[in-house]
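Engineer: First to last, the sequence lines map onto chains X and E. Mind the numbering: the first sequence is residues 1 to 402 in the UniProt record's numbering, read in order. Mind the numbering: the second sequence is residues 1 to 330 in the UniProt record's numbering, read in order.
Don't take each hint at face value.
Below, a list of computed lysine to any residue pairs in the SDA-like style, where the Cα atoms sit at most 20 Å apart [unchecked claim]:
(1) Lys198(E) to Glu271(X)
(2) Lys141(X) to His270(E)
(3) Lys141(X) to Leu103(E)
(4) Lys10(X) to Val65(X)
(5) Lys198(E) to Val259(X)
(6) Lys198(E) to His276(X)
(7) Lys149(E) to Ile79(E)
(8) Lys141(X) to Gly274(E)
(9) Lys78(E) to Leu57(E)
(10) Lys141(X) to Ser275(E)
(11) Lys198(E) to Leu274(X)
(12) Lys198(E) to Lys141(X)
Just a few of them, taken from the derived set where beta-carbon distance is under 7 Å, the chain E residues facing chain X [what the hints assert, rightly or not]:
(13) His153
(14) Pro259
(15) Ser275
(16) Asn277
(17) Asp278
(18) Gln279
(19) Ala283
FYI, nobody ran anything at the bench for these hints, they're computed from the structure. Being a predicted model, the structure only gives us computed values, none of them experimental. For every residue, glycine included, the Cβ atom is placed at its ideal position computed from N, Cα and C.
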Amino acid sequence: MSLLELDGVKVHFPVKKGILFDRTVGHVYAVDGISLKVEAGQTYGLVGESGCGKTTLGRAVLRLVDVTDGSVVLDGTDVAKLPEKELRSFRRRLQMVFQDPLGSLNPRQNIESILSEGMAAHGIGANQEERREKIREILAKVGLPANSLSRYPHEFSGGQRQRIGIARALVLEPDLIICDEPVSALDVSIQAQVINLLEELQESMGLTYLVIAHDLAVVRHISDVIGVMYLGSLVEEAPSDTLYEEPLHPYTRALMSAVPVPDPEVEERRERILLHGDLPSPANPPAGCRFHTRCPWAQDRCGKERPELTDAGGGHKVACHFTREIQDGTLRPAGDTEAVVIPAQAEAPAAESEPDATASDAPESAEAPESDEAPESDEAPEADEAPEAEDAPESKDASEGK
Amino acid sequence: MPLLTVDELTVTFGGRGRKDVRAVNGVSFSVDQGQVVGLVGESGCGKSVTSLALMGLLPAKGVTLGGRAELDGTDLLKISPSKMRDLRGRDMAMIFQDPLSSLNPVVPIGVQVTEILQRHRGLKGEAARKEAAHLLDRVGIPDPDRRLKEYPHQLSGGMRQRALIAMAVACAPRLLIADEPTTALDVTIQAQILELLKELVDQEGTALLMITHDLGVVAGLCDQVNVLYAGKVVESAGRRELFAHPTHPYTHGLLGSIPRLDAPRGEPLHPIRGSINDQIAWADGCAFAPRCDRYEMECLTGTPELTEPRAAGHRARCANPVLATTEVPA
């Protein structure tokens, strides 16, 4: 059995109007029917852009926001229906690491006080001496100096503060740690330290994580399973490697193609899908498939029928009516859609040439391999081309030798 | 001759009885017409202060500037404030990181765009409005006539950044400085904005100084890259050269710290230890030495010079540079 099971979780926020009497005039459908499972000892990564409801979902698991519908079952207990009193003690098993390391630590409490407060509330450790011993042990694990106990949050750097946040979750020995954008506020070199720390802790302590982040590269690095969210629902869910190698949903492909890779060779050749416009408002989501307003492959059916998350084989779940057609190329992106698909280029431009792949000549180069008359509506990049592009750069190959 | 030449620029913040802080400590680089030059570094490396100094946006009090920064023969650090106001917006323009706080919230977009057209191009009334609509259309804002009447809060993040870019390119400046233009945006919107910037550079021949912390953005956009650490350029090379052979241990470490979407899973990252707080003054040695895995006693004896240890045009400020390709971390 999975450690955490979400079934049809919905979180709707009422929109109220009126001076004397609040009338509910509508709802913001922040999370709209999400089912997922997190296995013990694994990392589930939830990825999506701002406003897709990923943070709300994380908060719903902890019941920091009330769940409108559905169940959140941790180890056989439905958190969504737990009475307030039991919930308080149950929360020890669910801890959260927040995005803003400074904002989530009380500036007037020293580290010992911050870390022992939760322990005292949950009755861990018989006295302060015992708790202090435990805190020292955890601080060593997260890589903070032992003299941190009497210091205050402002005396630490950003990375160290995030370590305090992680230590605060760890001292309660939770079953599940929810990390909401654990590294997005940190500098690149510090990000790597915290990511490595999370992985080391998982290995040595057998932790289970639900990681919420907008950075696909970070999520792919630490997760076993990734769920991609768009406008309150999951559009795709797959094991980390499968998702990267074979993204099936058009949104996942667009999202992946938008992540810049720090390697010019890859940058110039990879597939690009430029989505036009912005995320629609979750207060008034589009009918049918939520993504059809921005999808280059959208058909009539997509505007009417909402696709279910179905298994496409091997635990790879996708919510799209036309997965197969898009994959084998029978369905092409519409020529006049607002999105441009620039396919991955099979051959790299000569290494010495001027390194500026630009928007203006990209449609031309897209035209070349296909001799298609509509340059913008080029076919979805062939599946066999993408892997080629990915292991081509020599610098990367050389680097793996280390 | 390059369009912009920055030579040994220093910016020192002082006053109020505190110790002076030298945020920029002798930065030199140049930008050619139609070229994209990147200034890369983490918070506190002096990249934003450099751009503010170039635009003349630093306060006059408590700031000491040194060195030269010539735009087409005019020293930007020495000209009078009124001359600077003429240059700013017309010959050089800037795009800021946070599009919401860079726009006036109580003035419609249209007024903010036409203001520049009036100031620098003398356009008035209907002509200015038409040109403003044309500009918004140029940067890909749908229905520009309606948008001109709207206020910043009515636009989405990506749309606001487009409006800011429209204002920046209103007078076809020769130099555009973009300070983290996509950091506040989602990745799909970031891709749109980067595509737009590329297009502008390509079609208008604008020179672009791109300031960012994101090496991925640099890899896709910049021709020449300067890596900054603690107020000094530590490595400078063409884009391909830099990413293929990072020579300074800091650049090397940065590339090893980034989780890559195309890297095989399960491989640990190679972070740089410590934080930016662990540094020594450049005068005493290499500021990066306390975090560096390769430092030797030589690193603690005076400022290392920019040399070309690997190839011509690829400069690194390091006494013990990374030269073997096999050492590039994944």
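Engineer: All the hints need checking, so say for each whether the structure fits it.
Structural biologist: Results for each hint:
For a cut-off of 20 Å, the pair hint linking Lys198(E) to Glu271(X) stands: about 17 Å separates their Cα positions. Proximity of Lys141(X) to His270(E) is assessed by CA-CA distance (about 19 Å); at most 20 Å being required, the pair is judged to hold. A C-alpha spacing of about 46 Å is found between Lys141(X) and Leu103(E), which places the hinted pair above 20 Å, so the restraint is violated. Between Lys10(X) and Val65(X) the CA atoms are separated by roughly 11 Å; this keeps the pair inside 20 Å, and the hint holds.
Between the alpha carbons of Lys198(E) and Val259(X) the distance comes to roughly 16 Å, so the proposed pair stays at or under 20 Å and holds. With a C-alpha separation of about 17 Å, the suggested pair Lys198(E) and His276(X) falls inside the 20 Å cut-off, and the hint holds. Annotation: proposed proximity of Lys149(E) to Ile79(E) is violated, straight-line Cα distance about 36 Å (limit 20 Å). Using a Cα cut-off of 20 Å, the hinted pair Lys141(X) and Gly274(E) holds, with the two alpha carbons roughly 16 Å apart.
Proposed proximity of Lys78(E) and Leu57(E) is supported: the alpha carbons are some 13 Å apart, at most 20 Å. A distance of roughly 19 Å separates the Cα atoms of Lys141(X) and Ser275(E); the hinted pair therefore holds under the 20 Å criterion. With a C-alpha separation of about 14 Å, the suggested pair Lys198(E) and Leu274(X) falls inside the 20 Å cut-off, and the hint holds. With a C-alpha separation of about 46 Å, the suggested pair Lys198(E) and Lys141(X) falls outside the 20 Å cut-off, and the hint is violated.
The beta carbon of His153(E) comes no nearer than 14 Å to any beta carbon in chain X, farther than 7 Å, and the hint placing it at the interface is violated. Using the Cβ-Cβ criterion of 7 Å, the hint placing Pro259(E) at the interface with chain X is satisfied: the shortest such distance is roughly 4 Å. A hinted interface residue such as Ser275(E) counts as satisfied when its beta carbon comes closer than 7 Å to some beta carbon of chain X; here the least separation is about 5 Å, so the hint holds. The interface hint given for Asn277(E) holds, since its Cβ lies 6 Å from the closest Cβ of chain X, which is under the 7 Å cut-off.
For Asp278(E), the interface hint is violated, the least distance from its beta-carbon to any beta-carbon of chain X being 9 Å, above 7 Å. The interface hint given for Gln279(E) is broken, as the beta carbon of that residue sits about 12 Å from the closest beta carbon of chain X, more than 7 Å. At about 24 Å, the closest approach between the beta carbon of Ala283(E) and any beta carbon in chain X exceeds 7 Å, and the interface hint on this residue is violated.
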